[in-house]
Amino acid sequence: MTRPRIFVPRDAGALSLGSDEVERAIIAAERKLGLNVEIVRTGSRGLFWLEPMIEIETAEGRIAYGPVKSGDVEGLFAANWLDGGPHQLRLGRPEDIPFLKRQTRFTFARCGIVDRLSLADYRALGGLRGLERALSLGQATIVEEVTKSGLRGRGGAGFPTGIKWRTTAEAQAAQKYVVCNADEGDSGTYADRMIMEGDPFCLLEGMAIAGIAVGATKGFVYIRSEYPNAIEILRRAIEIGRAENMLGTGIAGSAHDFDIEIRVGAGAYVCGEETALLDSLEGKRGQVRAKPPLPAHKGAFGQPTVVNNVISLATVPAILAGGADAYRDLGYGRSRGTMPIQIAGNAKYRGLFEAAFGLTLGDIVDDIGGGTASGRPVRAVQVGGPLGAYFPRALFDTPFDYEAFTAKNGLIGHGGVVVFDDTVDMARQARFAMEFCSIESCGKCTPCRIGSTRGVEVIDRIVKGERRAENLTLLQELCETMRFGSLCALGGFVPFPVTSAITHFPEDFGGAPLGGAVAA
Amino acid sequence: MRRAIPWSSARAQEIIEANLSLDGPALPILHALQKEFGYIDREAVPLIAQALNLSRAEIHGVVSFYHDFREAPPGRHVLKLCRAEACQSMGADALADKARENLRVGWGETTADGRLTLEPVFCLGLCACAPAAMLDGRVFGGLDQGRLSALIDQARRP
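If you're matching them up, the sequences are chains S and E in order. Quick note on my numbering: the first sequence kicks off at 1 and runs consecutively. Quick note on my numbering: the second sequence kicks off at 1 and runs consecutively.
Incorrect hints may have been included.
Said to hold, decoys possible - 30 Å max Cα-Cα, derived DSSO-like pairs, lysine-lysine:
{"#": "1", "chain 1": "S", "residue 1": "K284", "chain 2": "E", "residue 2": "K35"}
{"#": "2", "chain 1": "S", "residue 1": "K32", "chain 2": "S", "residue 2": "K69"}
{"#": "3", "chain 1": "S", "residue 1": "K218", "chain 2": "E", "residue 2": "K35"}
{"#": "4", "chain 1": "S", "residue 1": "K284", "chain 2": "S", "residue 2": "K218"}
{"#": "5", "chain 1": "S", "residue 1": "K69", "chain 2": "E", "residue 2": "K98"}
{"#": "6", "chain 1": "S", "residue 1": "K464", "chain 2": "E", "residue 2": "K35"}
{"#": "7", "chain 1": "E", "residue 1": "K98", "chain 2": "S", "residue 2": "K348"}
None of these hints come from the bench; they were simulated from the model.
Let the sequences and hints guide you as you build the complete structure.
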């Protein structure tokens, strides 16, 4: 008889809510009851209000229980959870939970299911098929497939991945690099972390395919130091990948060499900007470079370099395995494929929702997210991280897509959606945006370095009621200068949260409320 | 958490040399030094500068640029509280204010008994488990006043 299998997430989100304690309780109960169970550590399915969500392999498939506290474990054994027995924490088949059922899991198909450090398990669930097909297609056809799929950079800028790859592939150099930008610093986002912790081989496979496509033999993952759990898992995955010939010399029996090294950031938000990241990788201060030259021509250590976000790279294996058309057929307008939307902050159902582009913000916040966790009315939603705009309910009909958000003076960025209830003070949020920019500015360009500090001061004066109208005009002018005069998105986009707060929530800045209408 | 050892330039030299074969070794060296000693001692700057054939100013520039690198030893434990928007939406500001008041420290400072350093962090990627914190590299989510106080008390126990 095979041992019963219990799946316990070791995603940092689940860990932060006590999944290690639950594992210890399971081991203790197992000994006490004289059982012999197999505990498999997975990533998270991304239903964080149900974490730690424990799954049991039963005759009718996996059955989930959650949120499980260590103190619940003995009771769960007593309720015969190993056979999927009834219990107040029983959630049934995870695939039937509406939050999961409504998703299109493409990039995250295995996350939370696969034994994250078993290459055999990864292969059994469809892994490595993309790499195998890539090896049979050859360089030019891989680039063509990725271009045809319509995949755009998931880090925030939305630049077509295929074009980036082609530019690097055409560059002539003895050494080229693939750099994975895992400096996921935007508040409200955790998709990169989840995939690195839950399906690390998927990222490694995507990087290897990128290496073959552009002719690079070396890859770096630049990962933020705030993610120690992801760093550890990725390190182990790379060792396993090397041992099993997924990485190293002659990968997967081919003539291609590709190896990956991890580099850990040091707490600088601006290093998520690709040129600052490259300077940091080279051991310098993480300051933004002027473009051109493009990283595709002159990137890491002066060599042609593809810099892609984690999700962009982790999506490539499935695109190659299933063909470009299957991916391109999903989506909305010029935003093709799926987007892992990360519902965060004060939302009732907080978690990762991967879906084709085109849902409205209202669908995401009210319907999928279930409103606020506090039970109070939703007042504002910040989309796209600290440089993203605050949206009022009046704009909830905006479809989730790159162009639609740009048209509303916002951005989808890396897909984070942070929900705030009616206790939020929007002047305080606007001030924070400027303060954050002043803390994180790399200092290279004046609008960002000085402008952010002046921005904090001007907002303080507005809040105190000092010459309010004049200072509001001054703040708008400052935002204009920062937007058009900054070298990168940090100074250039921080006006989004500030001006959106003023435009949509004037009453928090001492003005008259809009009365539900949206200012033109 | 593994305790940091007191500064030793001989040990620092070994760490620097062990990383010299890497491309762009400055950050890996600084991380390794901080892991060993808990901070980047002033004396490390000329050692690194010499090993990398860079000026002391350039290395000082790198150390001071990154929030992670401390220029003085921290307390026995390090508590990082997330100050970013997702945690703010779940009351992180009030938690942080209370913690600073109770511990009588500002951001980046260490309690008088030397047991706890309080640092801000801008996002731990636990935005769906807010408010979140990290104590000596371990993550904690869904915090409230009671859970955070318990965490702090535990860390400050002799």
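Hint by hint, here is what the structure shows:
1. Only pairs whose Cα atoms come within 30 Å are accepted, and S:K284 paired with E:K35 is accepted, the gap being roughly 20 Å.
2. At most 30 Å may separate the alpha-carbon atoms for a hinted pair to count; S:K32 and S:K69 meet this at roughly 18 Å.
3. Between S:K218 and E:K35 the CA atoms are separated by roughly 27 Å; this keeps the pair inside 30 Å, and the hint holds.
4. The suggested pairing of S:K284 with S:K218 holds, with an alpha-carbon distance near 20 Å, which does not exceed 30 Å.
5. Using a Cα cut-off of 30 Å, the hinted pair S:K69 and E:K98 holds, with the two alpha carbons roughly 27 Å apart.
6. For the suggested pair S:K464 and E:K35, the alpha carbons sit about 45 Å apart, so the restraint of at most 30 Å is broken.
7. Note on E:K98 and S:K348: the hinted pairing holds, with a Cα-Cα distance of about 25 Å set against a maximum of 30 Å.
Of the numbered hints stated above, the single one contradicted by the structure is hint 6.
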